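Peer 1: Listed below, chain by chain, are the residues.
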Amino acid sequence: MHRIRKWGPAALLVAPSLLAIGVFVYGFLGWNLRVSLSDWRGLRANYDYAGLDNYRRLAEDSRFTDGVQNVVVFTLVFVAGTLVAGFLLALLLERGIRGEAFFRTVFLFPMAISFIATAIIWRWLLSNATGAQETGLNKLFDSVGLGFLANDWFKSDSNWAVASVAIAAGWALVGYIMALFLAGMRGVSDDLREAARVDGASEAKAFWFVVRPMLLPVVMSAIVILAHISLKTFDLIYAMDAKSRKIETPALYMWFTTFEGLNFSIGAAIATLLVVGIALVIVPYIWYSVRSERRS
Amino acid sequence: MKTAAEAPTRIRSRWSAYVTTTRYIVLFALVCLFLIPVYVLLVTAMKDPAQVSPSRMWQLPDSFSLDTFGAVWPVLEPGFRNSVLMAVPASIISSLLGAANGFVLAKWRFPGADIVFPLILFGMFIPYQAILIPMRELLTDWNLVGGLSGLILVHIIYGLPITTLIFRSYFVTISDELIDSAQVDGAGMIRTLAFVALPIALPAFAVSMIWQFTSAWNDFLFGLVLTSTNSWPVTVALNNIAGGQVVPFHEAMASALLASIPTLLVYVLMGRFFMRGLMAGALKG
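So the sequences go chain by chain: A and B. Its first residue numbered 9, the first sequence is counted upward by one per residue in our numbering. Its first residue numbered 68, the second sequence is counted upward by one per residue in our numbering.
Fair warning: there could be bad hints in the mix.
Each pair of labels, with its calculated beta carbon distance range [stated by the list, open to error]:
(1) B:Val251 - A:Val92: 53 to 63 Å
(2) A:Glu68 - B:Val142: 39 to 49 Å
(3) A:Val80 - B:Pro145: 36 to 46 Å
(4) B:Leu245 - A:Leu200: 28 to 38 Å
(5) A:Ala23 - B:Gln250: 18 to 28 Å
(6) B:Gly179 - A:Asp61: 30 to 40 Å
(7) A:Leu200 - B:Thr88: 23 to 33 Å
(8) B:Leu269 - A:Gly104: 24 to 34 Å
(9) A:Val80 - B:Gly214: 35 to 45 Å
(10) A:Gly16 - B:Leu269: 46 to 56 Å
(11) A:Ala109 - B:Ala117: 32 to 42 Å
(12) A:Val289 - B:Leu245: 30 to 40 Å
(13) B:Thr88 - A:Ala23: 14 to 24 Å
For the record, the hints were derived by calculation from the structure and aren't laboratory data. Here the structure is a predicted model, which is why all the values come from computation and not from measurement. Glycine residues also receive a C-beta, built at the ideal position from the N, C-alpha and C atoms.
Build out the structure end to end from the sequences listed, making use of the hints.
Peer 2: Spelled out as structure tokens, the structure:
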């Protein structure tokens with residue numbers, strides 16, 4: 009009896025949230041899965057079971073497979089670039105820099121602005137206009153004699169067009185990764201480093217043998233966070249150049265095929281594949297985080 | 068003996084002075100590089116509209132002018148107002164619910180809490196594409212599409228994982244004795260939460276509110292799917308004003324700047340709390 013009275017109010021407090029998440033996250037994921045196995049095209053909902061037809065169709069749809077290729081390129085460039093840049097920034101700031109707060113504030117501020125605003129600025133910076141219309145980075149390169157660096161950026165015809173979107177995304181996220189690394193480096197107690205130094209290790213060696221191994225969890229977090237962002241990013245690419253197939257990823261194709269093409273079942277199938285992709289990265293991560301917290 | 072021991076330290080300290088200087092130089096160079104987009108944004112938005120052309124992007128204005136802001140503000144203003152009306156209630160309600168959840172999950176470890184918590188957390192990582200179709204269907208049935216209330220509702224709900232996480236991490240650090248003593252005094256669970264736990268959780272409130280406000284303000288996808296022209300949040304309005312290459316380039320820049328002011332203000336004024344929210348978002352205390 010006592011137990012029940014104790015759990016009663018607690019259950020009451022969390023019930024609305026659990027119900028909401030139950031419906032809006034898990035219920036909707038299931039519902040979406042069902043749409044992906046249906047024949048729903050057009051405005052009227054249609055749940056007639058169609059098996060894996062939509063998935064089969066996607067496998068043969070070049071717009072989808074090109075999108076997958078784009079998101080792979082985007083993820084590789086974005087994750088690797090942001091990780092390395094964020095680590096280097098943290099390394100520069102790590103030991104007693106005066107004005108550290110200023111530097112951190114500068115490198116982190118893009119996290120406060122929307123991807124739409126970010127995309128609008130970068131779309132102009134990465135413009136490929138030529139002649140009198142030339143602008144952005146190309147113009148800057150030209151005027152300082154680095155004209156050979158001029159580029160078609162995200163308008164390029166190459167498969168790497170989407171990599172220039174990763175520049176904008178990296179600009180937006182690098183401060184975050186820097187902050188994660190800084191927190192990780194600071195987490196290694198100074199005593200431990202001091203001990204290494206007393207034992208005769210140089211500053212660099214103390215870093216390599218004491219700090220570096222402890223940064224592995226940070227690297228894992230950073231990779232997981234960046235990779236899942238790159239899979240689901242929509243607004244940045246949409247505002248950069250919504251109509252370009254060269255930078256379109258499945259996250260955008262889902263939107264276009266669903267809400268413009270009214271191919272609801274195909275859209276749902278793309279979305280389901282996105283969930284699978286992200287769950288592969290995220291579920292082990294959550295599991296690991298919750299478990300390591302419980303152990304400590 | 069003594070000199071031998073001193074020599075290496077002196078060498079090292081002179082060496083480290085060089086390292087420190089180099090480090091500052093590199094950092095300042097990186098700051099300049101990093102702020103290039105901000106330079107372009109400010110310089111363009113503050114030019115006299117008559118002087119603006121993409122080819123003069125890098126030049127400082129001959130004369131300072133706020134005319135461009137005046138020109139775009141009337142177009143952006145309705146979206147701006149919608150975003151305030153949406154993001155403020157969404158962040159308050161989501162934070163309150165998150166506080167209740169976090170408190171229960173931290174202090175009343177009910178059976179199954181260890182499974183429920185990761186299930187809640189997963190909600191913050193899902194790609195929203197995967198809930199768009201059902202969300203549109205259900206909210207259409209409930210008559211919540213086309214206005215702001217549907218948008219507020221989804222921001223509350225999809226904010227719950229992170230607000231719960233923020234408050235749970237905070238309450239875990241509060242000693243059980245404080246809670247227990249309230250219990251001994253006869254306060255029930257809900258009164259303990261309202262009068263003991265919440266008043267000391269103000270820092271967590273700041274973190275949670277800031278996170279929620281920023282993500283609701285900056286959201287685009289939900290706004291795109293759930294609102295109509297009159298209820299567009301500022302991001303959707305911004306994309307419509309500044310999207311496409313036909314828009315005058317200085318107006319695009321000025322609109323982007325105006326639309327970013329509230330979250331930038333929050334960031335500058337409350338950076339510490341903003342930072343803690345980011346850290347929580349990485350699942351690390």
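Peer 1: State for each hint whether it applies.
Peer 2: Okay, the hints, checked on the actual structure:
1. B:Val251 - A:Val92: 53 to 63 Å: holds (55 Å)
2. A:Glu68 - B:Val142: 39 to 49 Å: Once the Cβ atoms are compared, 44 Å apart, the range 39 to 49 Å for B:Val142 and A:Glu68 holds.
3. A:Val80 - B:Pro145: 36 to 46 Å: Taking Cβ atoms as reference, A:Val80 and B:Pro145 lie about 40 Å apart, which means the hint holds.
4. B:Leu245 - A:Leu200: 28 to 38 Å: holds (32 Å)
5. A:Ala23 - B:Gln250: 18 to 28 Å: holds (21 Å)
6. B:Gly179 - A:Asp61: 30 to 40 Å: Since B:Gly179 and A:Asp61 have Cβ atoms about 38 Å apart, the given range 30 to 40 Å holds.
7. A:Leu200 - B:Thr88: 23 to 33 Å: holds (28 Å)
8. B:Leu269 - A:Gly104: 24 to 34 Å: This hint holds: roughly 31 Å between Cβ atoms.
9. A:Val80 - B:Gly214: 35 to 45 Å: holds (39 Å)
10. A:Gly16 - B:Leu269: 46 to 56 Å: violated (28 Å)
11. A:Ala109 - B:Ala117: 32 to 42 Å: holds (40 Å)
12. A:Val289 - B:Leu245: 30 to 40 Å: holds (38 Å)
13. B:Thr88 - A:Ala23: 14 to 24 Å: violated (60 Å)
Hints 10, 13, counting from the list given before, are not met by this structure.
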